[in-house]
Amino acid sequence: MRRALPLLIGLLAASSCLSSGARADDTLSFPVLVPLTGFLSLEGTSQRNGAVLALKQTPAGVAIASEVVDTGTSPEAAVTALERAAGRGTVGAVAASMLGTQMLAMLPLAQELKLPLVTVSGTASITEQGNPWVFRFFPGDAVTKAAHARYVVEELGKRQPAVIYQTTAYGQSGKTHLDAAFKALGVTPVFEEGVDPAAKDLLPVLTKALAAKPDVLVLHLHSGPTALLLRQAASSGVAVPIVAGSAMHQPSTAALLEPAELKGVCAETAASPISGDTAEVKAFTEAYRAAFGKEPDAFALGQYDGMTMVLEAVKAGARSPDAIAKALSAESFKGLAMTYKSDGKGNMAHSAVIVCYDGASRVPALVKRYDDPTLAVK
Amino acid sequence: MAALQLLVNGVALGAAYALVALGFVLVLNATSAVNFAQGDLVMAGGLLAVALAPLIPLPGIALLPVVLALMAGLGLLLALAAYLPLRRRPPVSVFISTIAIGIILQNGAAILFGPEPRAAPPLFGDATLYIGGLAVPEQSLAIVGVAALLIGLQQWVFARTQLGRRLRATAQDPEMARACGVPVTAMILVTFAIGAACAGAAGLLLANRYFVTPTAGGDLILKAYIAVTIGGWGSVPGAVVGALLIALFEVGVSSVLSYPMALGALYLTLLAILVLRPQGLFGEAVRRRG
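Taken in order, these protein sequences are the chains called L and P.
Oh and the first sequence: position 269 is 269 in the UniProt record's numbering, straight run, nothing missing.
Oh and the second sequence: position 37 is 37 in the UniProt record's numbering, straight run, nothing missing.
Check before you lean on any hint, since a few could be wrong.
[To be verified] Partner residues are not named here, just some residues of chain P that face chain L (Cβ under 10 Å, in silico):
#: 1; residue: G181
#: 2; residue: V184
#: 3; residue: T185
#: 4; residue: Y210
#: 5; residue: P214
#: 6; residue: G218
#: 7; residue: V251
#: 8; residue: V253
#: 9; residue: L263
No lab work stands behind these hints, which were simulated from the structure alone.
Note that the Cβ used here is the ideal one computed from N, Cα and C, for glycine as well.
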């Protein structure tokens with residue numbers, strides 16, 4: 001009996017190790033590595049929520065695991081998080097930070113580890129590195145700004161825009177693409193000025209823009225500055241129409257303003273889940289509200305669509321990161337926001353929408369959809 | 001008229017900045033320590049007002065005493081956690097510890113409130129008064145009024161009360177003050193409490209018109225630092241004037257140039273002041289003997 005007891009314990013331990021090993025082998029892991037703190041925490045939280053919601057849809061017969069890691073805003077933290085995640089079981093794909101500098105840092109490691117990165121990052125260069133492991137489920141500025149400019153020129157009939165943009169990388173990129181899109185449409189802005197995100201009062205730039213006699217104000221600002229400028233425009237009785245950047249579609253931006261201050265304001269975005277144009281989008285919005293107690297935005301929906309496409313690939317039999325990457329590269333997927341298809345570089349999203357507020361509520365209406373808007377302006 | 005409108009906005013912004021700079025310079029005077037968490041305390045004050053608004057459904061001015069009291073408590077905690085244990089260490093220790101506290105405040109706020117921008121309730125109302133074609137938001141008038149009142153009150157306490165005399169003695173020479181029977185440690189705690197209360201008031205004033213996010217403090221501490229440098233390192237009136245100058249650059253100069261150029265002009269002005277008058281506009285020149 002004395003001999004048998006250690007043997008029994010040893011056998012039990014070995015079988016326990018084997019079963020856990022088997023579980024580890026069968027389980028596909030989908031780490032969510034996004035910025036939850038720092039200056040991109042608003043967008044990063046939406047990204048996290050979208051990924052988490054999608055990962056609740058476990059495919060039949062496949063065990064999946066996921067952990068959320070806050071990457072902050074430093075590239076080093078993102079790389080460390082990816083390294084750690086890769087060391088924990090079989091990773092199917094990674095929901096990766098929307099912060100461009102973090103993505104650029106993670107890309108070589110993803111290539112080395114052969115892990116697909118699924119992101120909603122808007123930074124153009126992440127899909128210009130020749131890296132086959134990146135998949136972007138959010139339209140870049142080339143797409144959204146083409147739609148932005150086309151709505152201003154073709155739908156509103158305006159030809160003298162005043163462009164106010166942020167001095168950040170986000171703002172500069174948007175401004176560059178707006179310039180190109182307006183040029184392609186034969187329009188030259190009558191005023192252009194960059195504003196630092198730390199600027200507390202936007203009346204000076206608004207005053208100068210109006211002095212240039214524009215027939216439309218085109219904004220490409222972050223959330224807080226967008227709300228601030230709209231509030232100051234409303235209190236100054238600005239009569240020209242305003243078409244803002246995607247920050248305006250975020251429910252948290254609209255929440256800062258009275259509905260009357262939003263009257264007639266439009267914005268470009270990839271999608272507006274709270275506008276709920278289909279039953280599926282309405283169901284997503286309800287599920288998001290129930291899970292997180294807040295309203296979803298286009299970043300959440302883009303990441304949700306991205307991870308759902310990954311899980312669809314798993315359902316179809318992809319059991320390794322390589323197989324998932326191949327499916328993402330080759331297949332077309334009808335998501336809630338749009339239909340996604342890689343352009344060969346990992347750009348999956350090629351549509352944008354325009355939403356407008358009626359002054360009675362903070363929920364905008366979808367007024368125009370652009371599929372491949374860049375093709376029309378070239 | 002447009003210039004007048006910009007001036008109104010600039011003065012309102014400057015008044016709120018002055019409170020930020022004032023809290024900063026008070027702690028600096030009392031402890032020779034730079035409190036890098038001051039901007040994050042402003043953010044905390046703004047978010048505190050956001051949190052209190054549903055509990056006390058009254059205009060923001062009714063929240064002011066509560067915000068001041070709670071922020072004073074936070075200032076005491078800051079002193080106990082980040083200053084007193086390190087007071088005999090090199091000054092860089094306190095710099096780092098206040099930066100650490102600031103990061104903790106930022107991330108704590110992000111966890112508690114989420115990352116969305118928020119707006120605190122207006123101090124009195126959110127109407128806009130039209131005075132001869134000039135649009136003056138009630139909130140702007142309230143910001144100037146409340147900031148002036150708080151700055152005046154603070155000056156009165158410092159100049160006319162026993163507590164103020166003890167605080168000034170501690171700021172000028174802690175060892176001598178201690179030798180004269182002044183409870184120096186208590187005075188330092190009170191200074192941190194007043195500094196945090198000033199920051200909280202600024203947060204309440206700014207968060208309605210300009211919104212507040214957990215990361216909003218970083219820019220404010222830089223502005224407070226510049227204001228204090230322009231005004232004179234350690235000068236209370238200098239901090240107020242420095243804050244007004246920054247706001248006028250931000251609003252006035254940017255309306256003529258662009259915002260990035262106005263920032264450039266501000267830094268060039270700062271450089272010129274440092275070269276021509278290193279002690280700042282209101283600072284006293286100190287010369288070594290021998």
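Against the structure, the hints:
no. : hint : result
1   : G181 : violated, 45 Å
2   : V184 : violated, 37 Å
3   : T185 : violated, 34 Å
4   : Y210 : holds, 5 Å
5   : P214 : holds, 7 Å
6   : G218 : holds, 8 Å
7   : V251 : holds, 5 Å
8   : V253 : holds, 8 Å
9   : L263 : holds, 7 Å
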